[in-house]
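Protein sequences appear in the order of chains A and B. Residue 141 in this note's numbering is what sits at position 141 of the first sequence, and the numbering runs on without skipping anything. Residue 222 in this note's numbering is what sits at position 222 of the second sequence, and the numbering runs on without skipping anything.
Simulated from the structure, these hints should not be mistaken for laboratory data. Hints should not be assumed to be uniformly reliable.
Pair ranges (Cβ atoms, derived) [as the list claims (entries may be wrong)]:
#  : chain 1 : residue 1 : chain 2 : residue 2 : range
1  : B       : T92       : A       : E296      : 29 to 35 Å
2  : A       : L233      : B       : G142      : 57 to 63 Å
3  : A       : D113      : B       : D290      : 52 to 58 Å
4  : A       : R91       : B       : E271      : 21 to 27 Å
5  : B       : E4        : A       : T92       : 33 to 39 Å
6  : A       : E296      : B       : G142      : 57 to 63 Å
7  : B       : D113      : A       : P107      : 36 to 42 Å
8  : A       : L233      : B       : P17       : 46 to 52 Å
9  : B       : T92       : A       : R12       : 25 to 31 Å
10 : B       : R91       : A       : G293      : 47 to 53 Å
11 : B       : A7        : A       : E271      : 37 to 43 Å
12 : A       : D113      : B       : E55       : 42 to 48 Å
Just so you know, these numbers come straight off a predicted model, no measurement behind them. For each residue, glycine too, the CB sits at the ideal point set by N, CA and C.
There are 2 protein chains.
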Amino acid sequence: MENELIAWLRERLPAHPRLRVGPGDDAAVLRLARHDDCVMTVDLLTDHVDFELAEVDPRRVGRKALAVNLSDLAAMAARPLAAVIAVALPRTGGMALAKALCEGMIPLAEEYDLAIAGGDTNSWDGPLAISITLLGQTTPQGPLLRSGARPGDRIVVTGSFGGSILRHQFDFDPRVEEALAIHQRYGLHAGIDVSDGLSIDLARLCRESRCGAVLDASTIPIADDARRLAEELADGSTPLDHALGDGEDFELILAVPPDEAERMLAERPVEVPLSVVGRFTEEPGLWIVDATGRHELTPSGWEHEFE
Amino acid sequence: MENELIAWLRERLPAHPRLRVGPGDDAAVLRLARHDDCVMTVDLLTDHVDFELAEVDPRRVGRKALAVNLSDLAAMAARPLAAVIAVALPRTGGMALAKALCEGMIPLAEEYDLAIAGGDTNSWDGPLAISITLLGQTTPQGPLLRSGARPGDRIVVTGSFGGSILRHQFDFDPRVEEALAIHQRYGLHAGIDVSDGLSIDLARLCRESRCGAVLDASTIPIADDARRLAEELADGSTPLDHALGDGEDFELILAVPPDEAERMLAERPVEVPLSVVGRFTEEPGLWIVDATGRHELTPSGWEHEFE
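The shape of chain A in the complex, shown without the other chains (with noise of 0.2 Å):
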């Protein structure tokens, strides 16, 4: 089953000048010439828990195992080069659900111009579970990591937050693109993207950077889906709390210095809106400012629970 598949793929795929071979040997050959520093990604989604497959349709699961991965390589400042594709298929339907996954996947990976090289794909009595591997290429400025912020920079943030479950979690725009334009122009000295929420995010940041932070609650751009979701939920979650720890908004956390802020906020380099939601300090830990005061954030969103 496994040949038909590489060769249906084989057929959609366009050729790709960075693929020396593609699909179908034991391993993909990239061409990497002049690519000194790669990055390289790798995140597996699975049913039940990234996605409910009963309820989706397919091809925007391929689409968002995708896009999850290129958040990383956009919180790195990283253009996409090649992909490969792991899926582990429940046996009933599994070609049809190979095929719908890779459809979703195909038009994403041509708007960033990344060669899917290869794949494994595994049949098994087991839920669908795909891992994606990315492999990017970072800007002469170098990567963005997350251990770069330094006490004074600003928390600026693309985008909005909060009530991705009711739409955005499958439908987002992983910020390449923005993170590139951003960190070739501007001295940015840390990102991350925001995929478990982005009071917990920022609080990784600030771990990696042996800094804290402090939020200003009334700067924070909340989604509209946020508002949707408190409301539809009433169950006393403001739309803050959701946009402080929803998770998947695969939005950017960037730590800027003070006078590159400023100069970002007021040249506005990209579309998507930016926003200086805070600042990040000498003292470890997380505070947000609000109305009535300083108060101890403790970071909320999504974390894989085993033990």
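Got chain A; can you put chain B on it based on the hints?
Then chain B, alone, in the frame of chain A:
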């Protein structure tokens, strides 16, 4: 929990000069200067298909997951550079399992000078799934593809075949050094590793090379475990049947010009036994010659079945 695992892994992993940034950021950063062409391969292994977690030390599972990927690099005659690892872990016992898998991988990674660059840890209610992606470096002779075999080329194999289920499937040594040494010294035309079965993987190489092959039954190196398995099963299967169709031998099938094959067998360039087991033919198809004559051979081996 993922933080704890990353911290543990960072302590356990030796520093590697190829890693500018290792596990813990949004992606790993690899130093790849002077690596013009790279190969990239992924393999996903799942519980109940590639191993039975209840019956085997998870360190052996971890080792196997990495070794099957190294075998793909061997099949390309590529030197291992870097790996990223994604796991979907059962919720209970996931942490201990993740650590044991890593403990099984790390010695093998060190043996092959492979940088473990990063990964993604997930938990779910499904069984264990491990996906490893490797990046490799081709030799100045270029990658060893499946597509270069020519009629008249000898079929050369490393090692012996069959009965891998008894032991070899976990303990095999991927033929990385052998492939590099042989590819640099002899004019190899094509190669593949035997993951699914000698006959089925030979058929795959033939298909990509648009040729056929004739095997000489008397020259096929049969593993002791193939004989033992045939005896234990007592189901009418012969040791040769097991050698042709068992799979997970992770030996190499090479297409070698006749004079180079002769030279190779005389010179014995590697410790692993090399055998000429037949030749490639213009006519597509697979045949085997034994004491009773020449017979068409139906490729047998492991295939992921899905509909």
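Status of each hint after checking the structure:
no.	hint	result
1	B:T92 - A:E296: 29 to 35 Å	holds, 33 Å
2	A:L233 - B:G142: 57 to 63 Å	holds, 58 Å
3	A:D113 - B:D290: 52 to 58 Å	holds, 53 Å
4	A:R91 - B:E271: 21 to 27 Å	violated, 41 Å
5	B:E4 - A:T92: 33 to 39 Å	holds, 37 Å
6	A:E296 - B:G142: 57 to 63 Å	holds, 59 Å
7	B:D113 - A:P107: 36 to 42 Å	holds, 39 Å
8	A:L233 - B:P17: 46 to 52 Å	holds, 51 Å
9	B:T92 - A:R12: 25 to 31 Å	violated, 40 Å
10	B:R91 - A:G293: 47 to 53 Å	violated, 39 Å
11	B:A7 - A:E271: 37 to 43 Å	holds, 39 Å
12	A:D113 - B:E55: 42 to 48 Å	holds, 46 Å
Checked against the numbered hints above, the structure violates hints 4, 9 and 10; every other hint is satisfied.
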